[in-house]
Amino acid sequence: MTKDSNSMKLNYDVDSNDFTRAGEASSNIKKILKQLGVASKVIRKVSIATYEAEMNIAIHSYGGKINVEITPKEVQIVVKDNGPGIKDVNLAMKEGYSTATERIRELGFGAGMGLPNIKKCADVFELKSEEGKGTKVFIKIFLN
Amino acid sequence: MKLKEIKEILNAEVLTGGEYLDREVHSAFGSDLMSDVLAFVDDGTILLTGLTNPQVIRTAEMIDLFAIIFVRGKKPGEDILKLARNNKCTILKTDHILFTASGLLYKSGLRGVKIEGAKIND
Ligand SMILES: Nc1ncnc2c1ncn2[C@@H]1O[C@H](COP(=O)(O)OP(=O)(O)OP(=O)(O)O)[C@@H](O)[C@H]1O
Ligand SMILES: [Mg+2]
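If you read the sequences in order, they're chains A and B. Start counting the first sequence at 1; every next residue gets the next number (my numbering). Start counting the second sequence at 1001; every next residue gets the next number (my numbering).
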C-alpha cells in the first residue's frame, strides 16, 4: 500500500484456483474503504465489483493482479490476468453465459452473472481481452 | 422478525454469533449461487443455502449479511466458522431442506427480497 496526500494505492496478487484465499483482496479493500469513511452505498458497489473480478481471476485465469487507487473523487480498480483470455467478450457479458465446470458450480459460482454484476456496479466499465494473452477489466466508481 | 424467532421456527442450532440473535430480519433469500446473492440481496436479509464453503461467508461479508442459515443439516468446517466470527455473522444450521425451511419462514410472515424489475414480487 502506498499513500500520498491525495490518493491511496493498493495492490494484490490473486492466485488461480486457490479457493480458500480467494476473496481476501476484496475483503481487505472493503476494510480500508470503511476506515476511510467512504459511504456504505459506494463500499457495496466496490465490494461486489472487486469480489466478482477476484473470483473470475481465481476461477477462469492462470492468476493475476488487482490494483486499486482511491482518490477523493473515485475508486479506480484495474484487474489484469495472465490468460487464457476470452474468445467472445460480448458473449461473456451476457447474463447467464458461463463456461464454469461442474466443480466450480459446486462452489457456488458459474451463474454467468459476475461480469454483468460488475458492470451494474461500475460508473465506468471496460473489458478487454485477447485470446492467449489475458483479460483486463477497468472499473471506476465515483464517491458521490 | 428477529433472528431468534427464526431459530425457533427452523429448530435450528446456533453454530456461531449467538450474541446477535436480537437482530431484526426484513427478508430472506435462498440460493446456492453466489453471484445471484451479490446481485439481489440487501443488508437486513438472511441467506438460506446448502453450500458450506468459505466463499459463502466471503459473499456475505461483501454485502454485510449478518446471518446465514445452512440447510439440510450441512455443517461447515471450523475455518468457515472462524471467518464468520471475524465478520460478526450469525450461523444457524437446520435439518430442514431449503424448500421446507423457506416454507416454514414464509408461513410465519417472512418474505423474500424484492427483485427490481421483476413482474412478481412476493
Ligand atoms: N478473467 C477471465 N479469464 C478468462 N475467462 C473469463 C474471465 N472472466 C470471465 N471469463 C469468461 O466469461 C464468462 C462469464 O463470466 P461471469 O463472471 O459473468 O460468469 P461466471 O464467472 O461464469 O459465473 P459467476 O460470475 O456468476 O459465478 C466465464 O464463464 C468465462 O468463460
Ligand atoms: Mg464470474
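Please note that a few of the clues may not be correct.
Partial list, derived from the structure: chain A residues whose beta carbon lies under 7 Å from chain B [as the list claims (entries may be wrong)]:
1) Q35
2) A92
3) M93
4) Y97
5) A100
6) I104
7) L107
8) F109
9) A111
10) N117
Source of the hints: derived by calculation from the structure; they are not laboratory data. Glycine included, every Cβ here is placed at the ideal spot set by N, Cα and C.
Hints versus structure:
1. Look at Q35 (chain A): its Cβ only gets to about 15 Å from chain B, farther than 7 Å, so that hint breaks.
2. For A92 (chain A), the interface hint is violated, since its Cβ never comes within 7 Å of a Cβ in chain B; the closest pair sits about 13 Å apart.
3. The restraint placing M93 (chain A) at the interface with chain B is violated, with a minimum CB-CB distance near 14 Å, outside the 7 Å limit.
4. At its closest, the beta carbon of Y97 (chain A) sits 12 Å from a beta carbon of chain B; the interface hint therefore is violated under the 7 Å criterion.
5. Look at A100 (chain A): its Cβ only gets to about 10 Å from chain B, farther than 7 Å, so that hint breaks.
6. Taking 7 Å as the C-beta contact cut-off toward chain B, the hint placing I104 (chain A) at the interface is violated, the least distance being around 11 Å.
7. Because the beta carbon of L107 (chain A) sits about 6 Å from the nearest beta carbon in chain B, less than 7 Å, this interface hint is met.
8. Against a cut-off of 7 Å between C-beta atoms, the interface hint on F109 (chain A) holds, since the closest Cβ of chain B lies about 6 Å away.
9. Because the beta carbon of A111 (chain A) sits about 4 Å from the nearest beta carbon in chain B, less than 7 Å, this interface hint is met.
10. Proximity of N117 (chain A) to chain B holds as hinted, the smallest CB-CB distance being about 5 Å (cut-off 7 Å).
Hints 1, 2, 3, 4, 5 and 6 from the earlier list are contradicted by this structure; the remaining hints agree with it.
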